Amino acid sequence: MNDEVLTPISQAMKEGVITRAELRQLMRRSNFAGFLHLLKFIVVLAITGTLVIVSFDTLWLIPAMFAHGIIVVHHFSLQHECCHYTPFRSRWLNEVVGNYCGFLLVIPNKYFRYEHCNHHTFTQQKGYDPELIELPISLSRYLWYLSSIPYWYAQFEALIRHVFGRISKSEEEFIPVEERRAVIVEARTYFALYLLIIAGSVALDWWGALWLWWIPMFLGEPVMRAIRMTEHVGRPNVTDMKENTRTNLVTRPMRLLCWNMNYHAEHHYASSVPFHALPDLHRRLTGFVHVEKRGYLGAHIDIISQIVGRTPRADATGSEA
Amino acid sequence: MKRERKWHNILPLGDLVSGDVTPARLGRLDLAVYDTEEGVFVSLARCTHQGANLCYGYFDGFAIECPLHQGLFDVRTGKPLAAPATRKLRMLDCRIADGMVQVLR
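Chain order of the listed sequences is A and B.
Quick note on numbering: the first sequence equals residues 1 to 321 in the working numbering.
Quick note on numbering: the second sequence equals residues 1 to 105 in the working numbering.
Just so you know, the hints here were simulated from the structure itself, not pulled from any lab data.
Computed from a predicted structure; not experimentally measured.
Think of the CB as a built atom: it goes at the ideal place given N, C-alpha and C, for glycine as much as any other residue.
Any given hint could turn out to be false.
Stretches of chain A that chain B covers, calculated by requiring three or more beta carbons in the stretch to come under 8 Å of a beta carbon on chain B [as the list claims (entries may be wrong)]:
#1 117 to 128
#2 172 to 183
#3 270 to 283
Build out the structure end to end from the sequences listed, making use of the hints.
See the structure below:
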């Protein structure tokens, strides 16, 4: 019973990086902070959505949909926060907003929560972390991942499989027995709503969802894949949070879009700390997490350097699990 | 033969953090002691989901949140309030006596 289950925050507190009182202050939730950030996010979304509408029937439509798509796929950052119940103090708000984002992005929220739990428990441990993105073995595999084709294949394969009531062996590792039925019901509900929207679009001959949602989302997803790669890819497959996760210093507009999730190592250290307190936690954890000062671009330079052999591959250290 | 249960001291009352969760030990057991407006409650400190120590979690008056996956429990009953927590926390009978928090075990 007294074998310690080492969590990142217990690691930080044992190392004296942060005190219980400081942590408690940082973990405070705020509906106001959540709504204020959401309002800014919606304003940006409305601007890019308007760009799509006004550029219709012009050559600017594709760039406008791409720009809008980058914002659309950043609903993932909000959904991710919601799965930790951190953007809003009221838990039901996190559920509602998380499901809205999940529906938009074809990431069923309950399923994502359980998958993400094991990502936090087994971060970067090969065979255990269900969200682990392998360091590509070649530049072509790197570009293949960025294309988002393997990502979308996996998303739709899981959705359809759940619609048919099937949970895979690897999913049994993280979805509790008593929640498997709920995951299947969730997938069926999402799927039925997608069919309803498609049927409604055909019946009304109104294709707003196609131009403002689906095409932008598919165009924008490679950007989200590139951002998701910067969090762990190219970091060693070890349990030490100081090593296995990368924080990226990015501009204020990017921080707005990603809900401060660029402070990813800090988030893994204390996942109960809401987005608005992550910059503060970052200052306190200076020297205790791996920081890429050149931001997302610097992270990709690091990843590509490892792929082409200019620097040693981080995955050569092997998994501790 | 069934072992007779008795009261054990686990924490001086002066060490109890007001309005928060305080870690304590009883033999090999890690315990979490909660100071609520309705009194003191004690549970096993490990989350029933994946075993993280709840003493590092966020305590909001009557609910303790797991620091690893944010599962939520009512510390008065042990009832799970939010996913991924699905199983009850093991609660221990407790009392304040002689300036100590005590549990029955």
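Results of checking the hints against the structure:
1. 117 to 128: holds (count 3)
2. 172 to 183: holds (count 3)
3. 270 to 283: Holds, because 3 residues of the segment 270 to 283 of chain A bring their Cβ atoms closer than 8 Å to Cβ atoms of chain B.
Checked against the numbered hints given earlier, this structure breaks none of them.
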